[in-house]
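There are 2 protein chains.
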Amino acid sequence: MALEDGPVVAVDCNGADLGPSEVAAGAALAAAQGARVVLFGPARELGTPPPGVQVVDAPVSIAKAPDPVRAVRSTPEASIVQAATAVAAGEAQALVCAGSTGSALAAGILNVKRASGIFRPALALPLPVPSHPVTLLDVGANADARREHLVQFAFMGAALAQAVLGVARPRVALLSNGNEPDRGSALVLETHAELAERIPGSDFFEFVGNVEGVDLVSGAADVIVTDGFTGNIALKVMEGVSQATLSAIRSAAATSPVAQAGGLLLRPALRGFREEIDPERQGGAYLLGLRRLGIVAHGRFTRQGFAQAILRARLGATEDLVGRTHAALEQAGALKVSPASVARATVAGR
Amino acid sequence: MALEDGPVVAVDCNGADLGPSEVAAGAALAAAQGARVVLFGPARELGTPPPGVQVVDAPVSIAKAPDPVRAVRSTPEASIVQAATAVAAGEAQALVCAGSTGSALAAGILNVKRASGIFRPALALPLPVPSHPVTLLDVGANADARREHLVQFAFMGAALAQAVLGVARPRVALLSNGNEPDRGSALVLETHAELAERIPGSDFFEFVGNVEGVDLVSGAADVIVTDGFTGNIALKVMEGVSQATLSAIRSAAATSPVAQAGGLLLRPALRGFREEIDPERQGGAYLLGLRRLGIVAHGRFTRQGFAQAILRARLGATEDLVGRTHAALEQAGALKVSPASVARATVAGR
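Sequence lines, in order, name chains D and R. Per our numbering: the first sequence = residues 1 to 350. Per our numbering: the second sequence = residues 1001 to 1350.
Hints were generated in silico from the structure; no laboratory data involved. Note that the Cβ used here is the ideal one computed from N, Cα and C, for glycine as well. Any given hint might turn out to be false.
[Said to hold, decoys possible] In silico contact screen, one side only, chain D against chain R (beta carbon under 10 Å); selected entries:
hint: 1; residue: S242
hint: 2; residue: A269
hint: 3; residue: Q331
hint: 4; residue: L335
Throw the hints in and build the complete structure from the sequences for me.
Shown next, in the form of structure tokens:
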């Protein structure tokens, strides 16, 4: 397909709980809205592709591989590796993976590769919080982080919010154990100082300082930055607590006929809430910091979620998310400096 | 009061949202169950003490002080400082504070002082999770932690679970971004190795490895150990998400007469759930690692919560929580070694 017809999204169909055919059905929905897609998966399960969709037969899956990095390195025929390689070669402009975060991360880093000047990629997740959408990153690409990584995450998350999520000037915050600027781990204190000094007056995003765990649902920020260890824990606590609360209410509603009647009467009113917290609406987790945008849809998604992931990936390519991120980091002087230029600067007495 | 009549609990009455009289009412409830209490607060607001309760007039409060450490140092007449000093002097065997975590921490560390061989105190919170109680520590005493701190936290939390919370052989876990032993921050990986090697065969607690954020509500462990930065964030996410979920359901139940009727019918069935997640049942957060047990009740508590805090503090003293912790740490070789003995060991070629 020619690029002048708009970006092409490469999609790995292996790894979805409902099977590769559900991902293909999602691609068909996205294609009906004008998306152009190349599917990598078992051709015999993907059916006849509609206009706008191509199929590359790639039946080998590494979605369940225990060591994704080794699997990506040793399995060039795997669907995710072929999809990532197509993106790296410029045959597609964005990557969508239908299941395993581990293999998507590994294929992204090893095949698509980091964008120039980026220290570390990050996984950003727009949280399905009713009336207060907020994007949390990193939710688990790197367990440990340094100050310069978190500073870049702030720019990467802000660019995503601007280019793909429709927030004109995102409010960016650091996740901490207190709102005050002097509260936090050593890492947060350093990063806070850097963002507070570097950013004022920037029209790229507004740094709103530290936020607490409760601010994942309070609407205090559009983008919340943290290391992948803390971000993963915060996310899993959020998922666990919301599921446990809903299931406790469901059990309570089963304890007596009166309560059952109450639950039935309440159900239609809860539909809007359930829709708002539906993770499929956000398309999945965004793999930022690579040469091209990647999206990791959740393995549990239905075709609607996969269609949304593909449409969001296309939007990221159309809006040049990667280029915007680079330009903003460059302007702020926050790109990774190569060892050679550090040496020159040191010699110059900096 | 004489010690042979059982331990005495020193209680700081300042800082409660409902005022010092509510704390005094809680003390009266606890005294009716045999507790012996000394209240520190404004005597004219505390009423006539019932048998078992003494009052020390201490009207000065530093519960709202912006810099608790400085306030504790410069305000010896403050109620929390007087209460902590009474504990340090052996006039009382446990400390309960009715409000500010910051001033309780500062007075605990500066006046009650760290127990011998303890690196850092920690704040442990039994989480009100229906049918799966779990104690999380540290929830915010120290933003940064080292491996040897987390190892001690494991013992401190296990001792609390045994002595005060009624868990015979607690399952202790490390909070991480994955269940696998090789997942985690550098700090978690080091601590995991230490606990996995040091502890097998111990009958003090069972180390069950890493748990994820969702395991705060899954029942996978009785005690979950983490640094104070991560613990505080996990706790605040938990509070925020459960409140947001309940309030979203409450709003949904207000959208139409039918939904309202459903909410009304469901309400009685939800009473048990609301009671199970009531934080007053746990008495508050436990300040561990000092020469005596401290409990920080929440400022929002009613008299029932303050009574529970006093009864739990008494139990901690009766069951010798501090002595048990020390003995277990000593047996495991996990006590802090003084610089002098390190020097001797080094000279001996260790």
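Tell me if S242 (chain D) is really an interface residue toward chain R, meaning its C-beta lies closer than 10 Å to one of theirs.
This hint holds: S242 (chain D) lies near chain R, its Cβ roughly 5 Å from the closest one there, short of 10 Å.
Closest C-beta approach of L335 (chain D) to chain R relative to 10 Å, hint status:
violated, 26 Å
With a cut-off of 10 Å, does the beta carbon of A269 (chain D) approach a beta carbon of chain R closely enough for the hint to hold?
This interface hint holds because 4 Å falls under the 10 Å limit.
Given hint Q331 (chain D) near chain R, where the shortest CB pair must fall under 10 Å:
violated, 31 Å
Against the hints set out earlier in the document, violations occur for numbers 3, 4.
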